[in-house]
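Novice: Here are the chains, one letter per residue:
Protein chains: 2
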Amino acid sequence: MAGKKVLIVYAHQEPRSLNGSLKDVAVAELSQQGCSVIVSDLYAMNFEPRATGKDITGTLSNPGFFNYGVEAHKAYKKQSLSSDIIEEQKKLQEANLVIFQFPLYWFSVPAVLKGWMDRVLCQGFAFDFPGSYDDGFLKGKLAILSLTTGGTASMFSKTGVNGDFRYFLWPLQISFGPEMASEEERKRMVASWAQRLKTLWEEEPIQCSPPWYFGQ
Amino acid sequence: MAGKKVLIVYAHQEPRSLNGSLKDVAVAELSQQGCSVIVSDLYAMNFEPRATGKDITGTLSNPGFFNYGVEAHKAYKKQSLSSDIIEEQKKLQEANLVIFQFPLYWFSVPAVLKGWMDRVLCQGFAFDFPGSYDDGFLKGKLAILSLTTGGTASMFSKTGVNGDFRYFLWPLQISFGPEMASEEERKRMVASWAQRLKTLWEEEPIQCSPPWYFGQ
Numbered sequence: 001m002a003g004k005k006v007l008i009v010y011a012h013q014e015p016r017s018l019n020g021s022l023k024d025v026a027v028a029e030l031s032q033q034g035c036s037v038i039v040s041d042l043y044a045m046n047f048e049p050r051a052t053g054k055d056i057t058g059t060l061s062n063p064g065f066f067n068y069g070v071e072a073h074k075a076y077k078k079q080s081l082s083s084d085i086i087e088e089q090k091k092l093q094e095a096n097l098v099i100f101q102f103p104l105y106w107f108s109v110p111a112v113l114k115g116w117m118d119r120v121l122c123q124g125f126a127f128d129f130p131g132s133y134d135d136g137f138l139k140g141k142l143a144i145l146s147l148t149t150g151g152t153a154s155m156f157s158k159t160g161v162n163g164d165f166r167y168f169l170w171p172l173q174i175s176f177g178p179e180m181a182s183e184e185e186r187k188r189m190v191a192s193w194a195q196r197l198k199t200l201w202e203e204e205p206i207q208c209s210p211p212w213y214f215g216q
Numbered sequence: 001m002a003g004k005k006v007l008i009v010y011a012h013q014e015p016r017s018l019n020g021s022l023k024d025v026a027v028a029e030l031s032q033q034g035c036s037v038i039v040s041d042l043y044a045m046n047f048e049p050r051a052t053g054k055d056i057t058g059t060l061s062n063p064g065f066f067n068y069g070v071e072a073h074k075a076y077k078k079q080s081l082s083s084d085i086i087e088e089q090k091k092l093q094e095a096n097l098v099i100f101q102f103p104l105y106w107f108s109v110p111a112v113l114k115g116w117m118d119r120v121l122c123q124g125f126a127f128d129f130p131g132s133y134d135d136g137f138l139k140g141k142l143a144i145l146s147l148t149t150g151g152t153a154s155m156f157s158k159t160g161v162n163g164d165f166r167y168f169l170w171p172l173q174i175s176f177g178p179e180m181a182s183e184e185e186r187k188r189m190v191a192s193w194a195q196r197l198k199t200l201w202e203e204e205p206i207q208c209s210p211p212w213y214f215g216q
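Residue numbers (this note's numbering), protein chains in the order written: chain A, 1 to 216; chain B, 1 to 216.
Treat the hints with care, since some could be wrong.
Label-pair distances were calculated between CB atoms; the ranges are [stated by the list, open to error]:
no.	chain 1	residue 1	chain 2	residue 2	range
1	A	F65	B	F129	30 to 36 Å
2	B	E87	A	G3	40 to 46 Å
3	B	Q79	A	G34	34 to 40 Å
4	B	F65	A	M45	16 to 22 Å
5	B	V70	A	A44	17 to 23 Å
6	A	G140	B	D128	43 to 49 Å
7	B	M180	A	G64	32 to 38 Å
8	B	F65	A	G53	34 to 40 Å
9	A	G53	B	E94	50 to 56 Å
10	A	M45	B	S82	40 to 46 Å
11	A	K77	B	G69	30 to 36 Å
12	A	P63	B	G58	40 to 46 Å
13	A	E185	B	W106	16 to 22 Å
14	B	I38	A	K78	36 to 42 Å
Rather than coming from a laboratory, the hints here were simulated on the basis of the structure.
Backbone N, C-alpha and C fix where the C-beta goes; we use that ideal spot for every residue, glycine too.
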């Protein structure tokens, strides 16, 4: 939708992978719609996944007993988080839509993307207490997980080797097993994603339930 | 149990945290039992969480199109994975029991521990296809997730702000909200963990169900 801002948080090492194609088609389709699109290419940025004392640039509030959550919350309020975190927070704050584009690693996001979540979505910014996850800066934003799997869809069914994917993810867009698919099928996956992006803004937001809370 | 080998994969920045105490008490109790205990202290090791081409020391099988899973599988077979991965695989291979000790970050493991899982548990080592996750080197090993949360137990109940923890974890040992607990309560958490470790070897292994498959 024209004028909307989109952030794509992209976690794949290979530009020519299906993940790369899905990211590219999203950039093309959404730009075409008149959105402004920013990509955080986590591997290319060599994004730091570890949550450590380096994330706090000022003095620690309790140097003798390091509590990451407490220190990050205080640093957020004092604007003394490390610059890579502040930059991602700015992008996220301005975005109307966030797309996470990644291959499934061990039933979840790759570590580099988990690190983005751990470090960027700190208390004060993404949520606060007392209150709930509904109150943060993320309120009113749309989010889509667009992911690929190593296994086929049947491997992720109730009787498949991986079990029903609903057990571990509340899925929004899954491209099953591109490595085992034909070139034709991979093209269909990219086209189906592009197609969905066309009518994205008309979709009803899903009810937020565990395991996904993301500020709606 | 005397003679058993134990690997503790520990992901906390602060030695004096409750996670640190739970790790220490496990080392003490299990050593006391005659086990040999090794700790992988991921933050202290500055363990690399990102899955990249650096993990493959030899020539890539397809340098023009990097597929991490495929390259890691082949490198495992050729023994050309990076030394930090090989070292962790050795520890894991020899262990009868693996304990993951960590604080819950965004309903899952911290990125540094997710990276350990992504990189160490590669195809060929931890599982293989055709087959299932039951056939790998992890067969017959015990695993315990021992984790702490930021919220209290009621915040993780069906009606709590975080929802029922069974939605996102198959829990084995949870220390709820040490930061909100009294010193006395924190001591009880450590004691309860130590107590459980005493009779650990007699426990019936749980049925492996999604979302946790771990080689039993």
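Novice: Indicate whether the distance between the beta carbons of B:Q79 and A:G34 respects the range 34 to 40 Å.
Specialist: This hint is violated: roughly 53 Å between Cβ atoms.
Novice: Taking 40 to 46 Å as the hint, is the beta-carbon distance of B:E87 and A:G3 inside that range?
Specialist: The hinted range 40 to 46 Å is violated for B:E87 and A:G3, with Cβ atoms some 52 Å apart.
Novice: Taking the Cβ atom of B:I38 and the Cβ atom of A:K78, is their distance within the range 36 to 42 Å?
Specialist: Holds, at about 40 Å.
Novice: Please test the hint of 16 to 22 Å on the beta carbon pair from A:E185 and B:W106.
Specialist: violated, 33 Å
Novice: Within 50 to 56 Å: is that where the Cβ-Cβ distance between A:G53 and B:E94 falls?
Specialist: violated, 32 Å
Novice: Does 16 to 22 Å hold as the CB distance between B:F65 and A:M45, or does it fail?
Specialist: holds, 21 Å
Novice: Is 40 to 46 Å respected by the C-beta to C-beta distance linking A:P63 and B:G58?
Specialist: holds, 43 Å
Novice: Within 32 to 38 Å: is that where the Cβ-Cβ distance between B:M180 and A:G64 falls?
Specialist: Violated - the Cβ-Cβ distance for B:M180 and A:G64, about 20 Å, lies outside 32 to 38 Å.
Novice: Mind checking the hinted window 34 to 40 Å against the Cβ distance between B:F65 and A:G53?
Specialist: holds, 38 Å
Novice: Take a look at whether the Cβ-Cβ distance between A:K77 and B:G69 falls inside 30 to 36 Å.
Specialist: violated, 41 Å
Novice: Is 40 to 46 Å respected by the C-beta to C-beta distance linking A:M45 and B:S82?
Specialist: violated, 21 Å
Novice: Determine whether the Cβ-Cβ distance between A:G140 and B:D128 falls within the hinted range of 43 to 49 Å.
Specialist: This hint holds: roughly 45 Å between Cβ atoms.
Of the hints listed earlier, those the structure fails to meet are numbers 1, 2, 3, 7, 9, 10, 11, 13, in rising order.
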